[in-house]
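Chemist: For the sequence shown, this note's numbering begins at 1 and goes up steadily by one.
Hints may contain errors.
[As the list claims (entries may be wrong)] DSSO-like cross-link-like pairs, simulated, lysine-lysine; straight-line CA separation at most 27 Å:
| no. | residue 1 | residue 2 |
| --- | --- | --- |
| 1 | Lys137 | Lys4 |
| 2 | Lys137 | Lys83 |
| 3 | Lys83 | Lys4 |
Calculated directly from the structure, the hints in this document are not laboratory data.
Owing to the predicted nature of the structure, the values given are computational and were not obtained by experimental measurement.
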Amino acid sequence: MRSKIIGTTLPVLEISLDPGERIVGVPDQLSWMSGDIEMTTSTSGGGAGGLFGLLSRVVSGAGLFMTEFHAARGPGNVAFAAKLPGSMIEVEVAPGRGYLTHRHGFVCGTPGIELSSAFQQSLGAGLFGGEGFVLQKLAGSGTAFIELGGELVAYTLEAGQEILVHPGHVGLFEESVAFELTMIRGVRNALFGGDGLFLVRLGGPGRVWLQTLSVPGVAHAVAPYLPARQG
1 MRSKIIGTTL
11 PVLEISLDPG
21 ERIVGVPDQL
31 SWMSGDIEMT
41 TSTSGGGAGG
51 LFGLLSRVVS
61 GAGLFMTEFH
71 AARGPGNVAF
81 AAKLPGSMIE
91 VEVAPGRGYL
101 THRHGFVCGT
111 PGIELSSAFQ
121 QSLGAGLFGG
131 EGFVLQKLAG
141 SGTAFIELGG
151 ELVAYTLEAG
161 QEILVHPGHV
171 GLFEESVAFE
181 LTMIRGVRNA
191 LFGGDGLFLV
201 RLGGPGRVWL
211 QTLSVPGVAH
221 AVAPYLPARQ
231 G
């Protein structure tokens with residue numbers, strides 16, 4: 001398997017598969033493909049073992065079904081375009097070296113990747129339109145490709161180091177990083193802080209990737225220009 005990321009603002013991930021190679025992705029992520037590629041959509045991809053594993057993957061935002069792209073008799077190419085301006089990165093997942101990413105961050109990966117939900121808590125409609133704070137957990141063994149919004153800002157946190165992040169800007173971090181929701185202290189912040197009331201505390205050791213563009217932020221920015229809902 002060979003991969004390359006084309007473009008900058010709206011990148012495209014293009015993967016070349018040799019005969020017998022496979023990748024698994026979310027069904028609505030495919031942009032185009034060529035060569036001898038066979039598609040199989042089912043509920044069994046992404047490490048969904050049993051009903052609990054399937055439900056956990058659905059909660060994570062990956063959905064009920066996964067699509068396997070298989071180069072059967074000859075080579076082929078599969079491409080996945082970004083849905084928003086941002087970046088795509090490749091990570092190597094192994095036992096004891098998993099990752100957590102924002103909801104809908106997973107694009108595709110090799111069949112050994114296990115996808116599930118790691119954390120969910122309702123923060124109210126003011127933050128996420130009622131969806132709450134949900135993380136996808138990447139475990140197993142293999143290569144995964146992640147889509148993040150806007151520019152990336154990466155930090156390496158040493159043991160004892162912490163960073164407070166708005167939930168919408170949490171992009172990706174290693175599973176060794178501790179995380180918890182926290183509330184900003186102070187009456188003034190609680191009353192007038194708006195959607196900044198909740199922050200995520202990320203603690204080292206481990207690597208953290210923050211995203212400058214968040215879907216809730218985009219929705220908030222364009223909301224005043226949308227036509228009023230009738231009825």
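Chemist: Please write out, lowest number first, the hints stated earlier that are contradicted by the structure.
Modeler: The structure breaks none of the hints.
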